[in-house]
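> Letter by letter, the chains look like this.
2 protein chains.
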Amino acid sequence: MTSGIPSATISRLVTYLRILEAMEAEHKASTSSTELAERSGNTAFQVRKDLAYFGRFGTRGMGYTVKLLRRELMRVLGLTQAWNVVILGIGRLGEAIANYPGASDYAFNYVGLFDVAEGIVDKDVRGLKVRHLDELQDFVREFAESDPQPSPVDGKRRRVDMGFLAVPPEKAQDAAQALVNAGIKGILNFAPVVIAPRTIEREGGADVSDEWQGVIVENVDFLAGMKRLAFYILNPHLKLEMEDTL
Amino acid sequence: MTSGIPSATISRLVTYLRILEAMEAEHKASTSSTELAERSGNTAFQVRKDLAYFGRFGTRGMGYTVKLLRRELMRVLGLTQAWNVVILGIGRLGEAIANYPGASDYAFNYVGLFDVAEGIVDKDVRGLKVRHLDELQDFVREFAESDPQPSPVDGKRRRVDMGFLAVPPEKAQDAAQALVNAGIKGILNFAPVVIAPRTIEREGGADVSDEWQGVIVENVDFLAGMKRLAFYILNPHLKLEMEDTL
DNA sequence: GTTTGTGAACGCCTTCACAGCA
DNA sequence: TGCTGTGAAGGCGTTCACAAAC
Chain A
1 MTSGIPSATI SRLVTYLRIL EAMEAEHKAS TSSTELAERS GNTAFQVRKD LAYFGRFGTR
61 GMGYTVKLLR RELMRVLGLT QAWNVVILGI GRLGEAIANY PGASDYAFNY VGLFDVAEGI
121 VDKDVRGLKV RHLDELQDFV REFAESDPQP SPVDGKRRRV DMGFLAVPPE KAQDAAQALV
181 NAGIKGILNF APVVIAPRTI EREGGADVSD EWQGVIVENV DFLAGMKRLA FYILNPHLKL
241 EMEDTL
Chain L
1 MTSGIPSATI SRLVTYLRIL EAMEAEHKAS TSSTELAERS GNTAFQVRKD LAYFGRFGTR
61 GMGYTVKLLR RELMRVLGLT QAWNVVILGI GRLGEAIANY PGASDYAFNY VGLFDVAEGI
121 VDKDVRGLKV RHLDELQDFV REFAESDPQP SPVDGKRRRV DMGFLAVPPE KAQDAAQALV
181 NAGIKGILNF APVVIAPRTI EREGGADVSD EWQGVIVENV DFLAGMKRLA FYILNPHLKL
241 EMEDTL
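Heads up: the sequence lines are chains A and L, in that order.
1 is the number of the first residue of the first sequence in UniProt numbering; add one for each residue after it.
1 is the number of the first residue of the second sequence in UniProt numbering; add one for each residue after it.
Note that these hints are calculated values from the structure, not bench results.
What you are looking at is a predicted structure, and each value in this text was computed from that prediction instead of being measured.
Please note: incorrect hints may appear among the correct ones.
Distance windows between CB atoms, simulated [to be verified]: (1) L:68 / A:49: 35 to 45 angstroms; (2) A:53 / L:6: 19 to 29 angstroms; (3) L:104 / A:123: 22 to 32 angstroms; (4) L:68 / A:59: 51 to 61 angstroms; (5) A:170 / L:128: 18 to 28 angstroms; (6) L:71 / A:7: 27 to 37 angstroms; (7) A:59 / L:117: 36 to 46 angstroms; (8) L:81 / A:122: 40 to 50 angstroms.
If you only want the chain L side, here are some residues facing chain A, beta carbon under 7 angstroms, derived [claimed, not checked]: (9) 125; (10) 129; (11) 232.
Quick reminder that beta carbons are idealized off the backbone N, C-alpha and C, glycines included.
Put together the whole structure using the sequences plus the hints.
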């Protein structure tokens, strides 16, 4: 049923949500696919099609109620519930992430910070004491046991839902493995490397170990962004984007 | 001629390049589309098709020479030449970006840092004194005049090629406009907002001001990454592959 | 035999036109 | 009339099979 949704649609939904938040701040009561299209840099067809994957949120002839559509998108994207997050790597980048405003608006709760370096472990960041990475597995287990509230994901008791990887590139794969070993199913990878399931040798070939089953990896890679930008500056004709005079 | 290259191909080329660098560090002399496919999470068909957009880099029956292919990809991506970069917003995130290792490997030179806050302007970061944002336009002009070396982009004298936006979301649009007013054509936007060309009213409708002609915007948005991750954790059946995104 | 390079088929995402409803 | 919702068309990127080269 929910199969066959383009991943580009998910990215665009995030953008629509942001625009709706801005509209709510502007005390705008209603909007239209045309307006959402203009402010997001898409076509009105695209906006309507994207929304149609998840339901019927508008009123024909009228448009969309800003408040209602915003709530629906939050529900669709899973942002109406709390997410418990650990951050691995509390250097400049990890600290910037931990302190970046806007995450807590969506109940992304940073519940644990981990590093391995002398000067960083035991440091206090945003009211949390940085722990040593070796304690991750115990921390995740104890966290789940300490809180009887069920997880939004699987109905089991609360657990750590995501791990953010802000470690140096050469340590990213091992750190990802530590997250997976601890049972964490979502990884937001900031390191400029491809995080791959560790394969284990079996009779008849290599196979992915069970811990990696169902693990989702999303990448946020600004070095890659720099390189793409360099390419498009050299080849501007390939980027016909944002040039709609209407 | 070079038209019709999927933007997904550019993202993948960046990944291939990274893998080739790792291979060179491993003293691997040659590789194959199959191996590149495995390490990047793609198919061998995809790898060969991506490379074919830009030339014939392999030897049939033999594969690819790591060193050669790496150099070719660097050339294609525009990484064999120097890029002069300014960063706007030197809070925790901007400072983390300025200090992140790996950028200078590709001759991305941070030549100016800008902010508006009391405690940040005049601060020393990575050997550069943070300037007030008001000085941006003068800085860019003087920078171009100070260096007679031609720009890799247009053959004119050296200029500031890119601006990184690490300012708070509510100031991102204005800061982007400042970059564009200063004549900078590439923007790497870290703020969770859509950067749009400022339109000016003309007879017969709104039009994009000339300064925005040819401006490229690439986004690196980790809050969006968090939200996509939340969605895919709730809907794991939609994410059958691990792939990188825009 | 091995692996690249590529025209063609395929499938999916986007675009479109119009039906449906206020 | 106005704008949404959606089946169908179209276009584009991925997949494929095989020819070409070593």
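> Hint by hint, which ones does this structure get wrong, listed from lowest number up?
Hints 9 and 10 are the ones this structure does not satisfy, whereas the remaining hints hold.
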